[in-house]
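Since chain A is already given, all that's left is putting chain B on it; use the hints.
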Amino acid sequence: MSKRAITVDDSRSMREMVAYTLTEAGFDVLQAEDGEDALEVLGGNEVDVVVTDVNMPKMDGITLVRKLQKKPEFKSTPILILTTESGDDLKQRGRDAGATGWIVKPFDPAKLTSVVHKVCP
Amino acid sequence: MDPLEQFKATFFEECHEYLEDVEQELSGLSPETADNESLNAIFRAVHSIKGGAGTFGFDQLIEFTHRFESVLDLLRSHELEITDEIVDVLLASSDVQVALVEAAENDETVNEELVSAATEMLDAILNGDSTEGADPGPAAGETENIETLSEPNATAAETLGFKIGFKPHPDMIRRANEPLLILRELASHGDMTIEADCSTIPALEDIDPEGAYLSWSISLTTDASEDEFLEAFEFISDDCDFDVSPLTDDTSDTQAETGEMPDIEPDEFGFVPVPL
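Those protein sequences? They're chains A and B, same order as listed.
Residue numbering for the first sequence follows the working numbering, beginning at 4 and increasing consecutively.
Residue numbering for the second sequence follows the working numbering, beginning at 595 and increasing consecutively.
Just chain B, same shape as in the assembly:
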């Protein structure tokens, strides 16, 4: 059994609470009385239903809730101003939302016509504002969880791995991202050798303890695709310089020569000690 199954009951309990909140807020909603607090409250309730629905894989619920949430997002950010017509759409959508939650909870089917009708109305609103970038975002079944979308990188199959240059900026370290953990993460994908460039380390009295003075040249022999190991950089790509190129037979031989410190063995992670 999926270990998260035990939380489904809590999720549905919460859904019912959220849906009551939504109904209550909607009942008093009109173009004249709509305020940011109400709009945000409705958005958050629907947003939370979507989050849980995604976790448990209720596809139809996810798909509809996502559209509903997108319209609410436009309203709360005032990219779209509320009208009587839009209030009607929200009311209809709330009813469909209730039906979909109950269907998911009881493993039943819903009235598809009702769902389609509300979906069309929401889409009409979203498409009407699409020029402002009101993109509904990923459709049902697609997620932005990077690892679930990773596709085999065709070029990786033709190479031994990758050569990577990695130079953290000080901001990376200030955000509590530890470079050694990144290197460790890379090492987990295959065999790695590393050369550290210590040439920019200043004298001790000039060192900023939050500075970043090291960079690394890395050879990674791996079957992993570029997308898979680039996950290690997904948080920090704007906070470091890194470049990736294929590792071929020619380049791997060159990388085996460390040059500067031929007598020093890399440690288990391929680190060459920093000279003091």
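Pulled out of the complex, with its shape left as it was, chain A reads as follows:
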């Protein structure tokens, strides 16, 4: 059975590229356009890894991570934040919220694949 991932990003093209990359890496990929949408999608589906942007309308990525951490079914699901912001402040906020790791854009498919495999073999 394939592993499942969700890509959360308000940019359609970014979602499609992440989805394409993770599909090539052997995942079935769900999509959501912001944190609220992600919670709805994840309400009915289990995933093995979450890849989320940070800057999104309605609910940002850090808030999404916090909310997922409160749900027992996602406590041990790796969550990667994918963002162009690479400052230590954001990394710290991500860690404090419970993110497993982070990847900085520009988006490199090989890097994303390797990191996802690292946290979700």
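Accuracy of the hints is not assured; some may be wrong.
Stated by the list, open to error - Straight-line C-alpha distance at most 30 Å; calculated BS3-like pairs for lysine-lysine:
#	chain 1	residue 1	chain 2	residue 2
1	A	K114	A	K74
2	A	K73	A	K94
3	B	K761	A	K78
4	A	K6	A	K78
5	B	K761	A	K74
6	B	K757	A	K114
7	A	K94	B	K757
8	B	K761	A	K70
9	A	K94	A	K61
10	A	K73	B	K761
11	A	K61	A	K74
12	B	K761	A	K94
13	A	K114	A	K94
14	A	K6	A	K70
15	A	K61	B	K602
16	B	K602	A	K114
17	A	K94	B	K602
18	B	K761	A	K114
19	A	K94	A	K70
20	B	K602	A	K6
21	A	K73	A	K6
As the list claims (entries may be wrong) - For each label pair, taking beta carbons as the anchor points, the in silico distance ranges come out as:
#	chain 1	residue 1	chain 2	residue 2	range
22	A	P124	B	D596	24 to 32 Å
23	A	E27	B	S624	45 to 53 Å
24	B	D802	A	P124	22 to 30 Å
25	A	H120	B	T627	47 to 55 Å
26	B	V838	A	G46	39 to 47 Å
27	B	S782	A	E27	19 to 27 Å
28	A	K61	B	D837	42 to 50 Å
29	A	K61	B	T627	38 to 46 Å
These are calculated hints, taken from the structure and not from any lab test.
Note that the coordinates shown come from a computational prediction; the quantities given were computed from them, not determined experimentally.
We put the CB at the ideal spot given by N, CA and C, even for glycine.
Same frame as chain A, now just chain B:
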């Protein structure tokens, strides 16, 4: 062909939508009416253009968009308060943004004077607030993708590899970072032997299932630079103790003696079984 090429058309479609949003928000923007929602919306639009531009390598677009985004970030965080002058700069920058996106889309050149003028205005704003740490961040062409910046570590060439001590904290495991995956990642860089320190494992009835009781001493014989294999620790460096020192001929001989369990063969990853 780059497999992501197929998404360029979608990216440019989105850029046009974002730029329309930016124009719309800017047209109503003034120091009196500026609100967080507008500022955040403009920031997100420009931020998304930057993300895609970076993926496709549109350097001039990246460089400008990054500056534009940095100013917008200062505004949305209220580190910089909006003025009529700044609104003018944003309007000019938005025009340049449109021109740069179109140039990237159609593989054309832009009016360099226009780009320079807007760039100077944005830089003036950014430099004016640089004492507050309003650092525009990486310049075009530089990325923070760690592996693309890794330079050969001169000291690695002079050693056989590295000795690594690794002790996860409970927080690492709570963030769904599995230590065995880290060890596997290290093993992928060369030949590895490991000793596990099990001395702090409590009795079964006292074990916290989310606790972290193991630590490992690792010898890694590798041509990889320290930077390359330290990537394995980039997420978790604050959630574990780890130390790295060069592995030389002397230390590698010592490491070959496991001492405690001489009759037990390490498995394919160099793990020595944990005694029960």
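Against the structure, the hints come out as follows:
no.: 1; hint: A:K114 x A:K74; result: holds (28 Å)
no.: 2; hint: A:K73 x A:K94; result: holds (20 Å)
no.: 3; hint: B:K761 x A:K78; result: holds (22 Å)
no.: 4; hint: A:K6 x A:K78; result: holds (17 Å)
no.: 5; hint: B:K761 x A:K74; result: holds (28 Å)
no.: 6; hint: B:K757 x A:K114; result: holds (26 Å)
no.: 7; hint: A:K94 x B:K757; result: holds (27 Å)
no.: 8; hint: B:K761 x A:K70; result: holds (29 Å)
no.: 9; hint: A:K94 x A:K61; result: holds (21 Å)
no.: 10; hint: A:K73 x B:K761; result: holds (26 Å)
no.: 11; hint: A:K61 x A:K74; result: holds (20 Å)
no.: 12; hint: B:K761 x A:K94; result: holds (21 Å)
no.: 13; hint: A:K114 x A:K94; result: holds (18 Å)
no.: 14; hint: A:K6 x A:K70; result: holds (22 Å)
no.: 15; hint: A:K61 x B:K602; result: holds (26 Å)
no.: 16; hint: B:K602 x A:K114; result: holds (20 Å)
no.: 17; hint: A:K94 x B:K602; result: holds (29 Å)
no.: 18; hint: B:K761 x A:K114; result: holds (26 Å)
no.: 19; hint: A:K94 x A:K70; result: holds (17 Å)
no.: 20; hint: B:K602 x A:K6; result: holds (27 Å)
no.: 21; hint: A:K73 x A:K6; result: holds (22 Å)
no.: 22; hint: A:P124 x B:D596: 24 to 32 Å; result: holds (27 Å)
no.: 23; hint: A:E27 x B:S624: 45 to 53 Å; result: holds (48 Å)
no.: 24; hint: B:D802 x A:P124: 22 to 30 Å; result: holds (25 Å)
no.: 25; hint: A:H120 x B:T627: 47 to 55 Å; result: holds (48 Å)
no.: 26; hint: B:V838 x A:G46: 39 to 47 Å; result: holds (43 Å)
no.: 27; hint: B:S782 x A:E27: 19 to 27 Å; result: holds (20 Å)
no.: 28; hint: A:K61 x B:D837: 42 to 50 Å; result: holds (43 Å)
no.: 29; hint: A:K61 x B:T627: 38 to 46 Å; result: violated (23 Å)
The structure is inconsistent with hint 29 alone, although it conforms to all the rest.
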